[in-house]
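Listed here are the chains, written in short residue letters.
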Amino acid sequence: MRTTFHSLTKASSLEDTDSSVRQQTLPKLKISNLNFYYGSYQALHNISLDIAANRITALIGPSGCGKSTFLRVLNRMHETIRDTRVTGEVLVDGESALAMDVATLRRRVGMVFQKPNPFPKSVFDNVAYGLRLGGVRGAELRHAVERSVKRAALWDEVKDQLHRSAYDLSGGQQQRLCIARALAVDPEVLLLDEPSSALDPIATAKIEELLFGLKDNCTIVIVTHNMQQAARIADDTGFFLLGKLIEFDKTTVIFETPARKETEDYITGRFG
Amino acid sequence: MPVETAVPAPEQPGSASRSFLNRLRSGDEVAHFTTLMFATAVILIVVLLVVELYRNSAESQSKFGWAFLSSSKWDPVAGAFGALPFIYGTVFTSAVALLISVPLGLGAAIFLSELAPPRVSDALIFVIELLAAVPSVIYGLLGIFVLVPLLRDPIEPFLARTFGFLPLFQGPAYGVGFLAAGLILAIMVVPFIISLSRESLLAVPREQREAALALGATRWEATWQVVVPYARLGVIGSVFLALARALGETMAVTMVIGNAPQISFSLFASGYSIAAIVASEFTEATTNLHSSALIELGLVLFFLTIIINGLARLLVLSTQRRGTTNP
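For the protein sequence lines, the chains are A and B, in the order given.
This note's numbering puts the last residue of the first sequence at 272; the count rises by one with no breaks.
This note's numbering puts the last residue of the second sequence at 599; the count rises by one with no breaks.
Bound conformation, chain A alone (with noise of 0.2 Å):
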């Protein structure tokens, strides 16, 4: 039965079972035969990938090897870098993301960025940008920023300096104000492209630790140097090297039984 959604997975396991309950039969995000390109260099070659909904999608690999610029093709970031083609096709529930208004696809796929870049504005301000684009206003726009926060599991920290410079917040806690920040518009797919890379392993957990609670309304992809990372929290882990998706599968069918000799050699550690 899974097999229909997720064509790759090879095994299933028992803790599968209670959340395919609420995974429809079509995958979120589905890619086919995706090409990258950076003006006459292809940065991807042919990638074909099927994101299931609800759950946390990691993907690992070496620098250089393409995975952060998949991850910006699938909202399309990579139109703001001049030059760049691509080929192929990404779905959104079945609709096509290249073809959608850009900025309606970004609202239904958020992004975080790996530096956390909050706006210099009050920690309010930051976490409203994207609701006041969207034209809420008044108390509907402040519990939207209280239920966002929140979320992100920040609330208690900032909830009596809300009206306070982002720039004064913590490294950690600004990373997860551009969450919370993310999470106002209530996309259904939030991107992370290695959002605790600047971060201490505290600040790390915390963030890991919002990241499962987040998995029953969105659907999560995050891209990762770290493979602890993506073997603590992710469902399902790609392995990408060189501009190619070598093996995407279950995260711990990559990491205890991975198919293909060079995902072993990364995970072992063998080159990087």
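To be clear, the hints were calculated from the coordinates, so they are not data collected in a lab.
If you anchor each label on the Cβ, the simulated ranges turn out as follows: (1) A/42 / B/298: 50 to 60 Å; (2) B/490 / A/212: 31 to 41 Å; (3) B/588 / A/39: 35 to 45 Å; (4) B/504 / A/150: 27 to 37 Å; (5) B/320 / A/39: 51 to 61 Å; (6) A/99 / B/479: 25 to 35 Å; (7) A/88 / B/389: 19 to 29 Å.
These figures come from a predicted structure and were not determined experimentally.
Virtual Cβ for every residue (Gly too), placed ideally from N, Cα, C.
Dock chain B against the given chain A, drawing on the hints supplied.
Just chain B, lined up with the frame of chain A:
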């Protein structure tokens, strides 16, 4: 041996290395002293400037006192001198210039930094920076031969017909006057605003832009709500520089302002600015009182510039605080 090479030891007895270190150390002191002298010279020049202006305007000060600032009479023959029309002309023309040049300059800077392809942007900015280097007398000629005739015929009569109910657009259209001076100043300062604003817009980290775009902002929303506010200080800095240049501009203004010491609310009326009158009357000043009054005008301009810049800076500080803490 490897330890010794890794950690340079100053007390090593080798004479060559010691003299090198000594040279380096005294070189540091020489550099420190020289740069300190240059830095002090700047302050010294400012102090000297104020002292000299103050000393040489003693006669005018003792004769008119503070009334010099509030009197609007300027009659060298009768020996009556007042600064008000010139202060008014200076501030009015600068205000007109900024009103025109700030939106224009900022708009152009946004285009060059956010929208234009880098190659086009670089080519255009080269031309714009050339404009900043054109001598002001050339702008004055442009004013006299192009701007003033245009103002006299189609523009000012049109403005009078359309907006004539406002005091700003009343009176006969001579061509020369506050509007001509303000326009020529705007043209002169706009390259500064474009060039400096563009640089500070380009310096905004791409993460800021991406954060807004990733939340579904359009390119324009990201630029206007995130990039421009982030670059605010640089943009305002460019406006300061433009203001300073507008307040002190002499040649181009005196060629088109009409050189009449009067206060009028009409943009079409002739006026005078401080820098313009000092330049045009100083060589003809026959009495000591006359030249003393002109020097006092210089002092007034000096303080006017400082006060206006100070006020602008205060404004920035207050908005900065509000910007980070307000809901």
